[in-house]
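> Respectively, the protein sequence lines represent chains A and B. Our numbering numbers the first residue of the first sequence as 1 and each following residue consecutively. Our numbering numbers the first residue of the second sequence as 1 and each following residue consecutively.
One or more of the hints may lead you astray.
Using 25 angstroms as the maximum straight-line C-alpha spacing, the simulated DSS-like pairs for lysine-lysine come out as follows [said to hold, decoys possible]: (1) B:178 - A:178; (2) A:178 - B:194; (3) A:194 - B:194; (4) A:111 - A:178.
Derived by calculation from the structure, the hints in this document are not laboratory data.
Protein chains: 2
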Amino acid sequence: MPTNRHEHIHLLGAGLVGSLLGIYLAKKNYPVSIYERRPDFRKAGYAGGRSINLALSDRGLAGLAGVGLAEKVRQIGIAMYGRTMHDTKGNLAYQPYGVGEQCIYAVSRGKLNEFLLDEVEKYPNVKLHFDQRCTEVDLPTATFTLQHTQTQQQQHLKAEVLFGSDGAFSGLRSAIQKTDRCNYSQQYLAHGYKELTIPAKNGQHQLEKHTLHIWPRGGFMLIALPNLDGSFTCTLFFPFEGNPSFASLQTEQDVIHFFETYFADVIPLLPNFVEEFFTNPTSSLVTIRTQPWVFGSNVALIGDAAHAIVPFYGQGMNAGFEDCRILNQIIEQEQGNWATILPQYQTARQPNADAIAELALLNFVEMRDLVGKPEFLLRKKIEAKLHNLFPQQWIPLYTMVTFSAETPYSEALRIGKLQDQIMTRIMQQPNLTENWEQLDFEQIVRELESKK
Amino acid sequence: MPTNRHEHIHLLGAGLVGSLLGIYLAKKNYPVSIYERRPDFRKAGYAGGRSINLALSDRGLAGLAGVGLAEKVRQIGIAMYGRTMHDTKGNLAYQPYGVGEQCIYAVSRGKLNEFLLDEVEKYPNVKLHFDQRCTEVDLPTATFTLQHTQTQQQQHLKAEVLFGSDGAFSGLRSAIQKTDRCNYSQQYLAHGYKELTIPAKNGQHQLEKHTLHIWPRGGFMLIALPNLDGSFTCTLFFPFEGNPSFASLQTEQDVIHFFETYFADVIPLLPNFVEEFFTNPTSSLVTIRTQPWVFGSNVALIGDAAHAIVPFYGQGMNAGFEDCRILNQIIEQEQGNWATILPQYQTARQPNADAIAELALLNFVEMRDLVGKPEFLLRKKIEAKLHNLFPQQWIPLYTMVTFSAETPYSEALRIGKLQDQIMTRIMQQPNLTENWEQLDFEQIVRELESKK
Numbered sequence: 001m002p003t004n005r006h007e008h009i010h011l012l013g014a015g016l017v018g019s020l021l022g023i024y025l026a027k028k029n030y031p032v033s034i035y036e037r038r039p040d041f042r043k044a045g046y047a048g049g050r051s052i053n054l055a056l057s058d059r060g061l062a063g064l065a066g067v068g069l070a071e072k073v074r075q076i077g078i079a080m081y082g083r084t085m086h087d088t089k090g091n092l093a094y095q096p097y098g099v100g101e102q103c104i105y106a107v108s109r110g111k112l113n114e115f116l117l118d119e120v121e122k123y124p125n126v127k128l129h130f131d132q133r134c135t136e137v138d139l140p141t142a143t144f145t146l147q148h149t150q151t152q153q154q155q156h157l158k159a160e161v162l163f164g165s166d167g168a169f170s171g172l173r174s175a176i177q178k179t180d181r182c183n184y185s186q187q188y189l190a191h192g193y194k195e196l197t198i199p200a201k202n203g204q205h206q207l208e209k210h211t212l213h214i215w216p217r218g219g220f221m222l223i224a225l226p227n228l229d230g231s232f233t234c235t236l237f238f239p240f241e242g243n244p245s246f247a248s249l250q251t252e253q254d255v256i257h258f259f260e261t262y263f264a265d266v267i268p269l270l271p272n273f274v275e276e277f278f279t280n281p282t283s284s285l286v287t288i289r290t291q292p293w294v295f296g297s298n299v300a301l302i303g304d305a306a307h308a309i310v311p312f313y314g315q316g317m318n319a320g321f322e323d324c325r326i327l328n329q330i331i332e333q334e335q336g337n338w339a340t341i342l343p344q345y346q347t348a349r350q351p352n353a354d355a356i357a358e359l360a361l362l363n364f365v366e367m368r369d370l371v372g373k374p375e376f377l378l379r380k381k382i383e384a385k386l387h388n389l390f391p392q393q394w395i396p397l398y399t400m401v402t403f404s405a406e407t408p409y410s411e412a413l414r415i416g417k418l419q420d421q422i423m424t425r426i427m428q429q430p431n432l433t434e435n436w437e438q439l440d441f442e443q444i445v446r447e448l449e450s451k452k
Numbered sequence: 001m002p003t004n005r006h007e008h009i010h011l012l013g014a015g016l017v018g019s020l021l022g023i024y025l026a027k028k029n030y031p032v033s034i035y036e037r038r039p040d041f042r043k044a045g046y047a048g049g050r051s052i053n054l055a056l057s058d059r060g061l062a063g064l065a066g067v068g069l070a071e072k073v074r075q076i077g078i079a080m081y082g083r084t085m086h087d088t089k090g091n092l093a094y095q096p097y098g099v100g101e102q103c104i105y106a107v108s109r110g111k112l113n114e115f116l117l118d119e120v121e122k123y124p125n126v127k128l129h130f131d132q133r134c135t136e137v138d139l140p141t142a143t144f145t146l147q148h149t150q151t152q153q154q155q156h157l158k159a160e161v162l163f164g165s166d167g168a169f170s171g172l173r174s175a176i177q178k179t180d181r182c183n184y185s186q187q188y189l190a191h192g193y194k195e196l197t198i199p200a201k202n203g204q205h206q207l208e209k210h211t212l213h214i215w216p217r218g219g220f221m222l223i224a225l226p227n228l229d230g231s232f233t234c235t236l237f238f239p240f241e242g243n244p245s246f247a248s249l250q251t252e253q254d255v256i257h258f259f260e261t262y263f264a265d266v267i268p269l270l271p272n273f274v275e276e277f278f279t280n281p282t283s284s285l286v287t288i289r290t291q292p293w294v295f296g297s298n299v300a301l302i303g304d305a306a307h308a309i310v311p312f313y314g315q316g317m318n319a320g321f322e323d324c325r326i327l328n329q330i331i332e333q334e335q336g337n338w339a340t341i342l343p344q345y346q347t348a349r350q351p352n353a354d355a356i357a358e359l360a361l362l363n364f365v366e367m368r369d370l371v372g373k374p375e376f377l378l379r380k381k382i383e384a385k386l387h388n389l390f391p392q393q394w395i396p397l398y399t400m401v402t403f404s405a406e407t408p409y410s411e412a413l414r415i416g417k418l419q420d421q422i423m424t425r426i427m428q429q430p431n432l433t434e435n436w437e438q439l440d441f442e443q444i445v446r447e448l449e450s451k452k
């Protein structure tokens, strides 16, 4: 039933998704209180413990556009129109992500978070509280305990509606995990990552900046994303164990030898890579799946708290922003009745969260291995041609995931699997490199249509 | 390196596995302290929150035999030589579990736990503490906090070696789960269970007692295991949602109608089933997988804490007792060096825990559905014949799991899958009911051997 009440909404976590959700709710005139464990990043400096930059694409932009912020954020991002692969000899290959102006944006996680905090704080009905760690939740009553991380002072609060936007290691999710019949899994990759820096030179980028750089090496890879200040943040995705691995590189000489062998062309751009290698943390990569996301009629998880994924499709933040946009639609459609909003939110989002989790895992193999192979580039060319000839019928998977906010992730995954079946067969044809333009593209598209 | 020191060993949990592990360690002269959250069951009465009776089979008996207790436990069990299927018309079908004297034993969980507590307490180097809840663990230092459940008094202890034998909802495992790169999952079935009682009549069992009774009904089932006092404990395994389900049976009339439709032959034996249906709890069924089981050189999980499984192969306790027996072997082989014992223990047990978890899930379909079908009984007859003709080459899966302590679960699962491929093909032959004795049994066994 429709309601004119505006429940007081409590959010745990003022990260990217918590801040954006706060803006959506504030615009609907809900009183919103946001509690963040960390100090105010805008004063203290950003210490997220997560990657430094992110790729923002259409779903994230649609989430921002819903509160009128897409253009402003685009301006603090750097457009990347494709990926540039570096082989061990330093040869480059380029593959556009989409067509024309289609691009993804490299944005600084810290800068974007600060921007969203500034925006959410403009609403008089929003209160932001920092240094507040949630130490306990009682789900049936939606009461929770906060402890000030400096003063240790505790307060007990009762929410009318409670959201956990508290990230991959969500405390609210831990409480839900302990309830009967909660299905939950956390699965780590055998790979971790380490960030390294290519500094600016005279304020300029030392590599082409409108592209995502990849050094695909089969079992591991290095990537680089541009920052506004002219630097690049490189990330080495590398096994924890085995040879070579984080475990096997023990001495400075090991690290130098490893980089000389695999990433020789980037060494001149990485003045401190040996020191950084031993100083910067080695971080792990987790996929978290949990069900339910919703407890009772007034408690829910959102963003990474509900569905932390690995970063290889660049969709973690985008999926979280999409959660906010879809939740907002459901709030409108259900006229503010939380007892029907939250179950519908979960039904709408969970299959898509599951799909992007799977896509992100699959894309790791593509990025670290396949993109370095001529067959991969040929396949991308064939798919681009199919898309060019039949723009509605053959939309490459990457395009469905990245340059659409309308095709659900689950639908993209389903159609992507059908495309993969077809393309795998086509790629086995002899002499394709020479003959691919003679393929019967219409027949290929007809096959896909018949399988859809 | 071998060591003559006997570290003080702390066990969290004095359930079945904790008690047996205590006995194994006490026999090796380790000082052992066991902390149990619940009151002493022997005084307070058993309130496990788990099923009332269990099936003890060869692996469990081997675990008990390792400390000389198998015969004594056998005497408080009731031998079950096969399963008796009841169809909706009350017709019975019988299928032996093995050959000759091969049987599994119905034992009372409470009685067995009390027996093992009495046994472990006989050792002067063992201290048992009840009403002690572990509220916090610091893994790197193996320190933990205990709180007395009555007095709330706290104590902080440091273990030299710490085992979590604290069951499916292990607190020690929760601590390990929060460490980086711990893979963990908890998956609930869509079915739950409810226990009902067939009382004794003049001290006698009202159904044949040397068998496990099953009322297989496709999507759900009722089973009954005999108790020493002449009663049977029935368990209804039934979906939580749907029709029929726990959710759909709302009134007394619903329950009566349901039992009349599906379990008419057992109604006369269940004097209080309607009341029990509404009074007894509806419990859930979970599979828990976690990795690692071991933290550092001196902290480990054992039994359900490491690998809670669904009950359909009757192997939960048996797997836990096998953990104890194998751990004991490794302690001997490694001459008490825990830094090598614990990693080897995990390597030895984890693949087998994974295998029995999978087997237990598969067996649910067998028990609730397949056992009611003539093809299933025919298949079992063919496999029994194969086993009879080639006792070393064709050992039915159930026999490998239940009547062996030597074939690892993982090996049983592997061979069982090969047998299943072969038998699935054979079962498709026409007129098999009439012709099965003309099968080329030697060729079938040769096929299996070639695949092994």
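> If a hint holds in the structure, say so; if it does not, say that too.
How the hints compare with the structure:
For the suggested pair residue 178 of chain B and residue 178 of chain A, the alpha carbons sit about 14 angstroms apart, so the restraint of at most 25 angstroms is met. Our distance criterion of 25 angstroms between C-alpha atoms is met by residue 178 of chain A and residue 194 of chain B, whose separation comes to about 21 angstroms. A distance of roughly 51 angstroms separates the Cα atoms of residue 194 of chain A and residue 194 of chain B; the hinted pair therefore is violated under the 25 angstroms criterion. Restraint check: the Cα-Cα separation between residue 111 of chain A and residue 178 of chain A comes to about 35 angstroms, which exceeds 25 angstroms; the hinted pair is violated.
The structure fails hints 3 and 4 (numbered hints given earlier, in ascending order).
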